[in-house]
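Given only the sequences and the hints, what does the whole structure look like? Please build it.
This is what each chain is made of:
Protein chains: 2
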Amino acid sequence: MNRQDLISLIRRKKSFLCIGLDTDISKIPVHLKDLEDPIFEFNKAIIDATIDLAAAYKPNFAFYECYGIKGWQSLTKTITYINNTYPAQVFTIADAKRGDIGNTSQQYARAMFDKASSGLEFDAVTVAPYMGEDSVKPFLSYPEKWIIVLALTSNKGAEDFQFLTSQDTRLFEQVLIRSQKWGSSENMMYVVGATKAEMLADIREIVPDHFLLVPGVGAQGGSLQEVAKHGLTKDCGLLVNSSRNIIYASNGADFAEKAREEAGKMQKEMSELLIRHQTSDI
Amino acid sequence: MNRQDLISLIRRKKSFLCIGLDTDISKIPVHLKDLEDPIFEFNKAIIDATIDLAAAYKPNFAFYECYGIKGWQSLTKTITYINNTYPAQVFTIADAKRGDIGNTSQQYARAMFDKASSGLEFDAVTVAPYMGEDSVKPFLSYPEKWIIVLALTSNKGAEDFQFLTSQDTRLFEQVLIRSQKWGSSENMMYVVGATKAEMLADIREIVPDHFLLVPGVGAQGGSLQEVAKHGLTKDCGLLVNSSRNIIYASNGADFAEKAREEAGKMQKEMSELLIRHQTSDI
Chain C
4 MNRQDLISLI RRKKSFLCIG LDTDISKIPV HLKDLEDPIF EFNKAIIDAT
54 IDLAAAYKPN FAFYECYGIK GWQSLTKTIT YINNTYPAQV FTIADAKRGD
104 IGNTSQQYAR AMFDKASSGL EFDAVTVAPY MGEDSVKPFL SYPEKWIIVL
154 ALTSNKGAED FQFLTSQDTR LFEQVLIRSQ KWGSSENMMY VVGATKAEML
204 ADIREIVPDH FLLVPGVGAQ GGSLQEVAKH GLTKDCGLLV NSSRNIIYAS
254 NGADFAEKAR EEAGKMQKEM SELLIRHQTS DI
Chain Z
4 MNRQDLISLI RRKKSFLCIG LDTDISKIPV HLKDLEDPIF EFNKAIIDAT
54 IDLAAAYKPN FAFYECYGIK GWQSLTKTIT YINNTYPAQV FTIADAKRGD
104 IGNTSQQYAR AMFDKASSGL EFDAVTVAPY MGEDSVKPFL SYPEKWIIVL
154 ALTSNKGAED FQFLTSQDTR LFEQVLIRSQ KWGSSENMMY VVGATKAEML
204 ADIREIVPDH FLLVPGVGAQ GGSLQEVAKH GLTKDCGLLV NSSRNIIYAS
254 NGADFAEKAR EEAGKMQKEM SELLIRHQTS DI
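Protein sequences, first through last, are from chains C and Z. Counting in my numbering, the first sequence runs from 4 upward without gaps. Counting in my numbering, the second sequence runs from 4 upward without gaps.
These aren't lab readings, by the way, just hints derived from the structure by calculation. The beta carbon of each residue, even a glycine, is placed where N, CA and C say it ideally should be. Please note that the accuracy of each hint is not assured.
Claimed, not checked - Calculated lysine-lysine pairs in the DSSO-like style (CA-CA distance at most 27 Å, straight line): (1) Z:K47 to C:K73; (2) Z:K80 to C:K80; (3) C:K232 to C:K17; (4) Z:K140 to C:K73; (5) C:K36 to Z:K118; (6) Z:K159 to C:K148; (7) Z:K80 to C:K73; (8) C:K261 to C:K47; (9) Z:K118 to C:K80; (10) Z:K17 to Z:K237; (11) C:K73 to Z:K148.
Unchecked claim - Covered, in the sense of this in silico footprint (three residues per stretch, anywhere, with C-beta under 8 Å from a C-beta of chain C), are these stretches of chain Z: (12) 15–24; (13) 56–66; (14) 166–173; (15) 176–187.
This is the structure:
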């Protein structure tokens, strides 16, 4: 999906909500557990209930890999279901935080983007920047595919290294600055945690146009209002992730309905924020 | 596997060779390609041919994930084969370079270490440090399991961030220093690329006792002699990885035999280095 298509679907849905499909079998409704693939069935119901409200879906790979082959089957079925049932209607993010030496990252890129090889085809993959340019470049050789580079994460450990200052520039800022040479705002986004929303103003000075993927709103304590205030651009420029607050809104038979309610609350708030903050016709 | 067991097997085999099982189907012998699982059959033959020469095996996950579910099947069969056929005879490393917020890394830890959940059980996993302490700590809650933290990598992109200097300390040194609080030399190692072998002396000042996993010898240009000179400790303290030079020594019917020959050359050189450099009775 290219940038214009992404902006168009955000305009159409009046939403920049990304729903994190971090599906934990211990938290899903009991009545699903007897089915052959409870995780896929849960995801399918969440997707069907929220497709008109969500700009993006983001399965975190850890929640699938912990079940090994079976988990990869659930993951494959989930992305295949989205691509077949709702083609070009939603942006899809492989939250895998990959990164390795060049010829190895090339294999990871096939895993995320090349359906003929891996059975998976996402629009974007999250990548870790520690190993530098050649560790992320192979992902950018796929047209209309994106990398989402970890810049400032939402967890406590972000303080261990991301704020280290070299020549008056913090490491997460170095990542933002140097990575500008790797790609453009047409194929590169950044992860910026909502728990550090006050940093968004500084970040927007370095990357005024790039989309930012913002985790940490809700369960992790970040505020959507704060994120929008500092992060929205004329093209929206944000994908705000919520996972637990939406997908586990109920663990009864009404889980999909309740997930839709929670997603709807966020979409409504986002719709108002887009009108309030935007200068373009979103 | 605990540290003493690892040191014992290095002593017994007179080898600190780690063989990277980065199995690329386009490079394996033609006669294997008609088998049901060519990647597993290739790995099995390499393992059987080198088990007495190798201290460790290290499949890089990218080379399996690029085939999706089928790749995870090959990976699962490979680690299961090692664990069942050669129990406690070799150290196993999941080269996955994972790392995410705490509750997510917990799921990755299950993927790598909890056979009942994922079907996989490795001795160690490589982790990326960018997200800090809480992103790697969950891996350390498994007794006798290890993390191998990326410190100084062997690729060109290592220069993008790993050498940034904050208060006279380079980022890779900050990683070595701060991570000392996360674990100990009993459950934590570091990745240090052989292409930067001259840095090993500096690194040994910060981590005198920790094992170092050293990629980049051979195909990437690093020298085993240089690595040993600066990196060996009285407990060996090194696992030196070689992948392409060994596993693709031949692409004919004699591939396993030729792999054994190449592994044997390295083991012989290592055996001599251990005698020359060591003060203990290795």
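Cross-check of the supplied hints:
Between K47 of chain Z and K73 of chain C the CA atoms are separated by roughly 23 Å; this keeps the pair inside 27 Å, and the hint holds. For the suggested pair K80 of chain Z and K80 of chain C, the alpha carbons sit about 22 Å apart, so the restraint of at most 27 Å is met. About 17 Å separates the Cα atoms of K232 of chain C and K17 of chain C, which keeps this hinted pair within 27 Å; it holds. At most 27 Å may separate the alpha-carbon atoms for a hinted pair to count; K140 of chain Z and K73 of chain C meet this at roughly 26 Å.
For the hint linking K36 of chain C to K118 of chain Z, the alpha-carbon distance of about 21 Å falls within 27 Å, and the restraint holds. Simply put, K159 of chain Z and K148 of chain C have alpha-carbon atoms about 24 Å apart, close enough for the 27 Å limit, and the pair holds. At most 27 Å may separate the alpha-carbon atoms for a hinted pair to count; K80 of chain Z and K73 of chain C meet this at roughly 14 Å. The suggested pairing of K261 of chain C with K47 of chain C holds, with an alpha-carbon distance near 15 Å, which does not exceed 27 Å.
Between K118 of chain Z and K80 of chain C the CA atoms are separated by roughly 23 Å; this keeps the pair inside 27 Å, and the hint holds. For the proposed pair K17 of chain Z and K237 of chain Z, the alpha carbon gap of about 13 Å is at most 27 Å, so the pair holds. The straight-line distance between the Cα atoms of K73 of chain C and K148 of chain Z is roughly 24 Å, inside the 27 Å bound, and the hint therefore holds. With 0 residues having a Cβ less than 8 Å from any Cβ of chain C, the segment 15–24 of chain Z misses the three-residue criterion, and the hint is violated.
Judged by the Cβ-Cβ criterion of 8 Å, the segment 56–66 of chain Z is covered by chain C as claimed, because 3 of its residues qualify and three suffice. Residues of the segment 166–173 of chain Z lying with their CB closer than 8 Å to a CB of chain C number 3, which satisfies the three-residue condition for coverage. Only residues whose beta carbon comes within less than 8 Å of a beta carbon in chain C count, and the segment 176–187 of chain Z has 3; three or more means the coverage holds.
Of the numbered hints listed earlier, the single one contradicted by the structure is hint 12.
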